[in-house]
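Number of protein chains: 2
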Amino acid sequence: MKQSRMFIPTMRETPQDAESLSHRYMLKAGMIKQMASGIYTYLPITKLVLNNIEQIVREEMNNIGGVEIQMPVLHPRELWEESGRWQAYGSELMRMKDRHDRDFALGPTHEEIITALLRDELKSYKKLPLTLFQIQTKFRDELRPRFGLLRGREFIMKDAYSFHSNEASLNETYRDMYNAYSNIFSRVGLNYRAVEADSGAIGGSHTHEFMALSEIGEDIIAYTDESGYAANVEKAACPVPEMMADAEQRALEKVATPGVDSCLALADHLNIELIDTTKTMVLKVDGEFVMILIRGDHELNEIKVRDYFRAGEIEFASDEEIRGVMKASPGSLGPVEASVPVYIDHQVNVMSNYPTGANIDGYHFINVNHGRDFETAGTGDFRFITEGERAEDDSGAVKFMKGIEVGQVFQLGTKYSEAMNLNVLDENGRSVPVLMGCYGVGVSRTLSAIIESHHDDRGIIWPKSVTPFDIHIITANPKDEEARNAAESLYETLGREYKVLYDDRKERAGVKFADSDLIGLPYRVVVGRGIKEGKVEIKARDSEETAEVDISQVTEYLKANY
Amino acid sequence: MKQSRMFIPTMRETPQDAESLSHRYMLKAGMIKQMASGIYTYLPITKLVLNNIEQIVREEMNNIGGVEIQMPVLHPRELWEESGRWQAYGSELMRMKDRHDRDFALGPTHEEIITALLRDELKSYKKLPLTLFQIQTKFRDELRPRFGLLRGREFIMKDAYSFHSNEASLNETYRDMYNAYSNIFSRVGLNYRAVEADSGAIGGSHTHEFMALSEIGEDIIAYTDESGYAANVEKAACPVPEMMADAEQRALEKVATPGVDSCLALADHLNIELIDTTKTMVLKVDGEFVMILIRGDHELNEIKVRDYFRAGEIEFASDEEIRGVMKASPGSLGPVEASVPVYIDHQVNVMSNYPTGANIDGYHFINVNHGRDFETAGTGDFRFITEGERAEDDSGAVKFMKGIEVGQVFQLGTKYSEAMNLNVLDENGRSVPVLMGCYGVGVSRTLSAIIESHHDDRGIIWPKSVTPFDIHIITANPKDEEARNAAESLYETLGREYKVLYDDRKERAGVKFADSDLIGLPYRVVVGRGIKEGKVEIKARDSEETAEVDISQVTEYLKANY
Chain A
1 MKQSRMFIPT MRETPQDAES LSHRYMLKAG MIKQMASGIY TYLPITKLVL NNIEQIVREE
61 MNNIGGVEIQ MPVLHPRELW EESGRWQAYG SELMRMKDRH DRDFALGPTH EEIITALLRD
121 ELKSYKKLPL TLFQIQTKFR DELRPRFGLL RGREFIMKDA YSFHSNEASL NETYRDMYNA
181 YSNIFSRVGL NYRAVEADSG AIGGSHTHEF MALSEIGEDI IAYTDESGYA ANVEKAACPV
241 PEMMADAEQR ALEKVATPGV DSCLALADHL NIELIDTTKT MVLKVDGEFV MILIRGDHEL
301 NEIKVRDYFR AGEIEFASDE EIRGVMKASP GSLGPVEASV PVYIDHQVNV MSNYPTGANI
361 DGYHFINVNH GRDFETAGTG DFRFITEGER AEDDSGAVKF MKGIEVGQVF QLGTKYSEAM
421 NLNVLDENGR SVPVLMGCYG VGVSRTLSAI IESHHDDRGI IWPKSVTPFD IHIITANPKD
481 EEARNAAESL YETLGREYKV LYDDRKERAG VKFADSDLIG LPYRVVVGRG IKEGKVEIKA
541 RDSEETAEVD ISQVTEYLKA NY
Chain B
1 MKQSRMFIPT MRETPQDAES LSHRYMLKAG MIKQMASGIY TYLPITKLVL NNIEQIVREE
61 MNNIGGVEIQ MPVLHPRELW EESGRWQAYG SELMRMKDRH DRDFALGPTH EEIITALLRD
121 ELKSYKKLPL TLFQIQTKFR DELRPRFGLL RGREFIMKDA YSFHSNEASL NETYRDMYNA
181 YSNIFSRVGL NYRAVEADSG AIGGSHTHEF MALSEIGEDI IAYTDESGYA ANVEKAACPV
241 PEMMADAEQR ALEKVATPGV DSCLALADHL NIELIDTTKT MVLKVDGEFV MILIRGDHEL
301 NEIKVRDYFR AGEIEFASDE EIRGVMKASP GSLGPVEASV PVYIDHQVNV MSNYPTGANI
361 DGYHFINVNH GRDFETAGTG DFRFITEGER AEDDSGAVKF MKGIEVGQVF QLGTKYSEAM
421 NLNVLDENGR SVPVLMGCYG VGVSRTLSAI IESHHDDRGI IWPKSVTPFD IHIITANPKD
481 EEARNAAESL YETLGREYKV LYDDRKERAG VKFADSDLIG LPYRVVVGRG IKEGKVEIKA
541 RDSEETAEVD ISQVTEYLKA NY
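Top line first, the protein sequences correspond to chains A and B. Going by the UniProt record's numbering, the letters in the first sequence line up with residues 1 to 562, in that order. Going by the UniProt record's numbering, the letters in the second sequence line up with residues 1 to 562, in that order.
Since the hints were derived computationally from the structure, they do not count as laboratory data. All residues carry an ideal CB built from backbone N, CA and C; glycine is no exception. Just to be clear, a hint being listed does not mean it is correct.
[To be verified] Calculated Cβ distances over 10 Å to all of chain B for the following chain A residues:
id	residue
1	K33
2	L43
3	N51
4	R95
5	E154
6	E215
7	F289
8	R310
9	N367
10	G413
11	G429
12	P478
13	D517
14	S543
15	A547
[Unchecked claim] Pairwise CB distance ranges, derived in the manner of DEER restraints:
id	chain 1	residue 1	chain 2	residue 2	range
16	A	T546	B	E81	27 to 33 Å
17	A	G534	B	N421	47 to 53 Å
18	A	R5	B	M243	53 to 59 Å
19	B	E481	A	S124	19 to 25 Å
Kindly generate the complete structure, drawing on both the sequences and the hints.
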């Protein structure tokens, strides 16, 4: 493609209103144009990359037997009423009325449509399993669209839905999808992790999020470099420490701690380290008071507490409730002679002679030992993991990184099939609800995530798998006829094996080089003054490795290096 | 692809509510599923064919330098206000409000968006010409959606827009597009004609419609088989007859014609042929009365009258107006001593001694001759052409056929660039509005048009260029293990060179054959009883040519015949 006939409106200035690196580079490289908040036109470079990503997604879906369809954008309200989501989805669901005053949603996801589609066509378990997918523009009325394509209101998704007559089949497809997603995100060049996740608005139990590691993500991922281990910090299990040899238990002692209302203040007051203190909290678990002790430098993880107690609702007891039940203020609580059951974190379980509140305002005990001074109702993992601790799979020390969610796989179970009567006859002729899975890839978001992790301070560095063109041919001086002829001829030759962008514009060399770095194709071939000696310069965008190559050897060079 | 894992819900019964053959076959072949009036899910077969059509469109657009982009579905109202179409487009424009109560249109076409996009980025004529296109789902709230994908409310379009600094450039791209469209419709196997057309709501002057000839079209096309000639009957020029040798002019005579108020009645009364009569009409052309005579068997074409007079508005005079100005009733009008200018059709110009009304109720003249009995203010083409007449290009006798509009090319000129301030600096540094063209292909409609013209009474017959699969392998008896193994092996071998659908379902042979005819792949390979002797049956879907082929020769046979 000749660049003069392409539409790549690059910018010299860095756009000030862009909130993320990918957003900034996409604007600067002339890849997108905002038409309204969170609504963009995808310009030629973007469209080429999207087509490449879509093709990778399509191949991986086909490889696991996924069949492509295309469902409508406009969803009749009636179907969303059946699933209960016309109300539940809230104001993120875009809605409209047609000329006959009938209500429609603009599809943000297609569970209702696909379930309605199949309930009319699917009669017997013999037609199962079945996996259908589509790649399509979707709509979500984000309250605060931002980060360019990362959080838009109109965006491209691949969504797939699978249908099964038994759990084993659902599990098998879920595994296939998990692997296909791993292939997709590897192929497009993302450093990603699959993490267990909450299922959010869609509902269901088994689910993983595929997170591209990135500094601008909204979730924190605990991961190791040594294995594929990754978990949302909300879920990441803490290591259970080994019990130490029994320490000598010193005598329990009550000490005055006037004004001490935090672990930091206590450590200071007692002249000990923060990690030698404990923190006592009282929570209401489904209405019942419990006390939990964690180490002073740790942070309570309410999701783990809820999971431990298999509770529906948990909340911190209010100051008033605490004073009512414990007869002391929150800063002076402790387990000794506590009137509620006491649970301790694994890490407290290996401590001895530690300080706690005395349940008397202004007093703490020191040299507390569980077993001797109070009985524990249970020991568990009640806290957030911290960086540097061993990962659950023991592969190494966990690191933290923010992540951009680029994909998610769900086991929906019978949530939609039961709500919307998608049943089949099983082997015994009984009508049973169909088991479903749903699987999403944020295609336009993936593009942004790729840029977030493939760039330098001059611009984008496209992975070869998704690059809009393979090679950028540039004439340094467009008035040099010899160079221009050589470039035209290279353009033709290389064009037979590579996707080539040829910068034939009448711009200064500096502008061309800056644009070229910004656009970030894997290889650049510069036809400059060296052409007098039959030489061109070839430069790799990622390694910046540069070579003077005889023009007759360009194909050879690229064959060896590309 | 194994058919058991594909989703092709064919029907045994012919759907009763389908209004066109393509609609019927698409339902019966399990290709589409209606979700709401005019809104469909495209099932796997349809999606494969759409992908093929889209790829052909994309290639032809790329061949003429078109660059692919993707514009949003949601269009801010403000842009449609600028062009004046927020009001003008009427209730076919689907509209919605976002959570902040801002108005958006769901794009039926993208002139506003692309003009707004370019006005910020385009500064100089040097960046022109430029052609951008997209393939996208569009929305139009049809009052009466019907014919399946032919008139839907949500449909797939390829729309392209070109930008120019001078007419010559616009004309060149228009010609390129015209040729690309011809290639597209030829490649997908349509019998089409490019016809001059009115520009409808989009506005502009130069425009052609690409019509797929079909019995269910809504427009009537006059065309010849001998050339590419085609015109909407509203535009098709009538042949100008050669003047005959002067006939002897008989004496003008007034005759009583009581109760005669039509040409048919007049012919009957005078015992002459209808083609020997004339029809006199009085019209108001931009408010001025004129009289037009055409032959008795012809029909007045108001569009031609408007074009002849270059008039803004034309209408038939009311009975009251006629009696006021002519002192006679509509059935008795004539040119002799008429008080308004008289124009005659070319075909009347070669008549002599013809009857006309006498401008006295109940009386006609016979033996009227223009020149002698009245002066003509002009002679022109005022009527619709009829089948069998010579075409304007003299290539042959015109035939009539209905046509489905599958594409349209427009020269928009400066309509949008002036309304929305899309200007560039020209060679002389003056700011000038950009000339634009726009070019549409109805992708989903094209699919329907293909079926309308490629089928027999058993089902669809896909052209090879768009077929969802090349070859259908069928085992007649799925319990025959030898046949099944042979089929599996063929599936693998042929799969390396062809797209193969393998009907591995446990269905009766009759069901499989019926489905196969319905789905209509170019070649069918049946592995039946003959496999005992190593033979399979290969049948071409179009010619129905059938051959017994040794299983080792299948690839050879297809190589020679496909």
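Hint check:
1. K33: violated (6 Å)
2. L43: violated (6 Å)
3. N51: Contrary to the label, N51 (chain A) does not stay out of reach of chain B, its closest Cβ about 8 Å off (not over 10 Å).
4. R95: violated (7 Å)
5. E154: violated (5 Å)
6. E215: Non-interface label stands for E215 (chain A): nearest chain B Cβ at 28 Å, farther than 10 Å.
7. F289: holds (41 Å)
8. R310: Holds, because the least Cβ-Cβ distance between R310 (chain A) and chain B comes to about 37 Å, which exceeds 10 Å.
9. N367: holds (59 Å)
10. G413: holds (21 Å)
11. G429: Check passes; 17 Å lies beyond 10 Å.
12. P478: holds (12 Å)
13. D517: Holds, since 20 Å exceeds 10 Å.
14. S543: holds (30 Å)
15. A547: holds (31 Å)
16. A:T546 to B:E81: 27 to 33 Å: With a Cβ separation near 53 Å, T546 (chain A) and E81 (chain B) fall outside 27 to 33 Å, so the hint is violated.
17. A:G534 to B:N421: 47 to 53 Å: Holds - the Cβ-Cβ distance for G534 (chain A) and N421 (chain B), about 50 Å, lies within 47 to 53 Å.
18. A:R5 to B:M243: 53 to 59 Å: holds (54 Å)
19. B:E481 to A:S124: 19 to 25 Å: Given about 23 Å between the Cβ atoms, the range holds.
Checked against the numbered hints given earlier, the structure breaks hints 1, 2, 3, 4, 5, 16 and satisfies all the rest.
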